[in-house]
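K.L.:
These are the residues of each chain, in order.
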Amino acid sequence: MSTTNWVSRAGFGLMSLPARVIEPVMSGVQRLIGIKRMPWFFLIPNLTAVMLFALLPVLINVFYSLTGSDRLYPQDRPWVGGRNYETLFDCTNYLDPSTCSRDLFWRALGNTLTFVPIQVVCMIGIALITALCLNREIRGRGFFRGVFFFPVMLSPVVVALTWQWILQRNGALNGIFSAIGLNPVNWLVFPNTAFFWSVFVTVWAHMGFYTIILLAGLQAIPRDVYEAAKMDSASNWRVFTKITLPLLRPVLLVVFILSMIRSVQTFDELYILTGGGPGSATMLMVQYIYEIGFAIQPRNFGLAAAASLLLGAALLVFTAIQLHLSRRAQNG
Amino acid sequence: MAKLVLEKVAKSFGLVNVLPGVDLDIEDGEFVVFVGPSGCGKSTLLRLIAGLEDVSSGDILIDGDSVTHVPAADRGVAMVFQSYALYPHMTVRQNLSFGLENIRMQRPEIERRVGEAARLLQIEQLLERRPKELSGGQRQRVAIGRAITRDPKIFLFDEPLSNLDAELRVLMRIEITRLHERLGNTMIYVTHDQIEAMTMADKIVVLRGGVIEQVGAPLELYNQPRNAFVAGFIGSPRMNFVEGTIGEVSGETFTFTSPDLPAMTLPRRTASLAAGQKVSVGVRPEDLIVSKGKGSGWPVTVSVAEQHGANSYIHCSRPNGEPLLIHQPGQSAVERGDILNVSPVPARWHLFDASGLRIEIEPGQEMAPPILHTAIQ
Chain H
1 MSTTNWVSRA GFGLMSLPAR VIEPVMSGVQ RLIGIKRMPW FFLIPNLTAV MLFALLPVLI
61 NVFYSLTGSD RLYPQDRPWV GGRNYETLFD CTNYLDPSTC SRDLFWRALG NTLTFVPIQV
121 VCMIGIALIT ALCLNREIRG RGFFRGVFFF PVMLSPVVVA LTWQWILQRN GALNGIFSAI
181 GLNPVNWLVF PNTAFFWSVF VTVWAHMGFY TIILLAGLQA IPRDVYEAAK MDSASNWRVF
241 TKITLPLLRP VLLVVFILSM IRSVQTFDEL YILTGGGPGS ATMLMVQYIY EIGFAIQPRN
301 FGLAAAASLL LGAALLVFTA IQLHLSRRAQ NG
Chain R
333 MAKLVLEKVA KSFGLVNVLP GVDLDIEDGE FVVFVGPSGC GKSTLLRLIA GLEDVSSGDI
393 LIDGDSVTHV PAADRGVAMV FQSYALYPHM TVRQNLSFGL ENIRMQRPEI ERRVGEAARL
453 LQIEQLLERR PKELSGGQRQ RVAIGRAITR DPKIFLFDEP LSNLDAELRV LMRIEITRLH
513 ERLGNTMIYV THDQIEAMTM ADKIVVLRGG VIEQVGAPLE LYNQPRNAFV AGFIGSPRMN
573 FVEGTIGEVS GETFTFTSPD LPAMTLPRRT ASLAAGQKVS VGVRPEDLIV SKGKGSGWPV
633 TVSVAEQHGA NSYIHCSRPN GEPLLIHQPG QSAVERGDIL NVSPVPARWH LFDASGLRIE
693 IEPGQEMAPP ILHTAIQ
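Line by line, the protein sequences are chains H and R.
Number 157 in our numbering belongs to position 157 of the first sequence; there are no gaps in the numbering.
Add 332 to a position in the second sequence, counting from 1, and you land on the number used in our numbering.
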């Protein structure tokens with residue numbers, strides 16, 4: 001036998017070994033459950049991971065939200081039914097958090113309801129403008145694409161610490177202010193400025209990611225369509241509103257949902273940058289859940305679980321509405 | 333009136349000189365086809381006329397006015413793109429009216445124009461559909477309709493039929509020709525398909541490497557190609573070329589010799605022939621006299637006989653293996669391996685010099701009218 005033959009036979013043997021083992025197993029499974037259920041069989045590995053790391057924690061969360069005490073193990077936790085939810089909603093006037101038994105929850109909710117729309121609108125607006133600029137034939141386009149994406153690669157802790165150094169009393173920004181003769185400002189001490197910088201820093205940190213998605217969406221719009229619009233006497237504004245935006249809508253929807261979910265989840269940057277302060281001015285929902293469940297003694301897992309489930313439900317409903325509206329508009 | 337004049341129009345992309353300098357006159361109402369192989373610059377030339385690309389130098393004049401620096405939308409031209417370039421999110425009606433809304437035309441006038449274009453192209457029932465709900469042919473009509481509503485001086489078509497299947501292409505070819513007859517506008521049509529060029533054009537512009545090789549009516553190009561490139565490009569199937577040298581030149585005749593073929597005496601139709609001159613004889617597949625067995629012509633062996641029913645295409649090889657194609661009307665009795673004797677129909681052959689230029693025929697010695705019946709004798 002020649003060397004080539006030996007090698008090829010050995011290769012063939014090795015290649016076919018898994019097939020020889022798997023084939024009878026697969027045939028057996030198929031006989032057992034029927035061909036129609038075979039897709040489920042192939043989905044088992046993925047479904048297992050989803051069950052273990054997504055569905056199971058949700059169910060455990062539901063259990064924790066319906067039980068009380070500061071004990072961690074399920075068998076030690078007494079059943080309290082909907083009492084945690086009742087505690088969260090125990091308010092005399094929902095518009096005035098100080099009348100609520102859990103005023104911090106309502107303050108965090110109010111902050112989140114203010115932060116998310118502002119941050120998402122700023123994020124998408126700036127990401128879209130950046131993507132539109134980067135989609136043009138400009139000098140150093142590759143460099144700028146890298147520059148805008150760079151913050152996305154940074155750890156949230158690094159982002160927060162960097163901006164803290166810039167914004168603190170003796171930070172870089174106040175250094176510049178002093179150099180040009182302006183009075184230094186305690187940026188993170190006043191509620192309004194702290195809120196502004198919270199939005200600014202989170203937009204700065206994540207904008208690059210959405211810019212790249214929008215840029216890919218812009219590049220997928222055929223050049224011919226723009227040329228046809230040019231022949232059709234369309235002004236730049238008409239091209240943007242009548243061609244670019246409608247054709248970018250599916251991508252914008254993805255960006256909107258992703259950025260909204262990410263915005264609601266905001267925690268790490270702000271926890272390090274402002275700690276939720278001053279007072280509770282920049283405390284968002286996830287930080288409240290963390291504080292109530294892990295930081296403040298005694299730890300109230302039940303209340304934290306209830307708050308996180310409410311947050312999840314709100315996100316789910318909002319995303320579903322958004323998807324529905326978008327599909328209706330697309331088919332309409 | 334829409335007369336288009338190109339004066340030394342040149343275009344470079346970086347260091348690549350795509351069009352070195354084109355001079356061309358297109359008369360009002362003409363249907364002109366730019367034809368040439370891929371990369372010859374025909375689409376670039378069209379885009380320069382449209383205003384989608386800036387010229388590097390030269391001037392473009394429409395009705396005597398320079399439009400070289402006029403924006404695309406203000407040139408009075410409309411373009412039908414190869415990919416149709418319909419707005420996918422708009423209905424057909426919106427596609428047709430978008431350009432008119434952009435110039436703030438009154439709504440009743442928009443409705444009138446859209447309705448008229450839809451009627452002309454028989455797409456009235458499609459007006460509320462979106463492009464994705466249309467077939468290729470319907471999309472093509474909408475793309476043409478969009479151009480019509482703008483009532484342009486000049487229509488530009490950039491390979492508009494290349495995405496359609498063969499049958500639809502023939503239908504649309506006829507429709508566009510009819511449309512030209514009805515509208516009477518100047519139309520410029522780019523294609524690499526010489527059949528489209530031959531069947532649709534009033535005037536064909538053959539391009540190669542950004543240079544115009546010849547401009548003329550379809551049959552003028554077919555019967556009097558200026559060089560071997562045009563001779564080979566115009567006509568399907570393409571012209572046969574036999575390279576060789578001029579042998580003996582006498583008063584009325586000359587001999588043509590090719591290394592693998594017996595010498596052939598041909599009538600002399602020009603004074604500019606010298607013994608030893610390298611030339612090639614070009615003969616169209618339908619201009620060959622064919623006989624079976626031995627004869628005084630060139631012996632060729634049949635390799636494939638394509639029977640199309642109404643026509644036969646006999647692919648032969650010369651003794652040196654070079655191909656030679658014979659076109660015969662009707663059905664042929666030849667079979668693979670048969671030896672045929674071929675010779676050009678008198679006065680239906682072309683002579684090109686070593687550089688590929690046609691050796692001009694002297695007055696009174698013009699090409700004979702085409703002879704279609706070359707059945708095996």
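No lab work stands behind these hints, which were simulated from the structure alone.
All of these numbers come straight from a predicted model, not from anything done at the bench.
From the three backbone atoms N, C-alpha and C, an ideal C-beta is built for every residue, glycine too.
Any given hint could turn out to be false.
[Claimed, not checked] Have a look at the derived ranges for each label pair, beta carbon to beta carbon:
id, chain 1, residue 1, chain 2, residue 2, range
1, H, Trp237, R, Glu465, 39 to 47 angstroms
2, H, Trp237, R, Gly516, 31 to 39 angstroms
3, H, Trp40, R, Glu456, 46 to 54 angstroms
4, R, Asn643, H, Gly34, 51 to 59 angstroms
5, R, Pro440, H, Gly125, 34 to 42 angstroms
6, R, Asp355, H, Trp237, 54 to 62 angstroms
7, R, Glu465, H, Gln219, 49 to 57 angstroms
K.L.:
Each hint: holds or not?
P.N.:
Consistency of the hints with the structure:
1. H/Trp237 / R/Glu465: 39 to 47 angstroms: Cβ of H/Trp237 to Cβ of R/Glu465: about 29 angstroms, so the range 39 to 47 angstroms is violated.
2. H/Trp237 / R/Gly516: 31 to 39 angstroms: holds (36 angstroms)
3. H/Trp40 / R/Glu456: 46 to 54 angstroms: holds (50 angstroms)
4. R/Asn643 / H/Gly34: 51 to 59 angstroms: holds (58 angstroms)
5. R/Pro440 / H/Gly125: 34 to 42 angstroms: With Cβ atoms ~38 angstroms apart, the hint holds.
6. R/Asp355 / H/Trp237: 54 to 62 angstroms: The hint (54 to 62 angstroms, Cβ to Cβ) is violated, given that R/Asp355 and H/Trp237 are roughly 39 angstroms apart.
7. R/Glu465 / H/Gln219: 49 to 57 angstroms: violated (26 angstroms)
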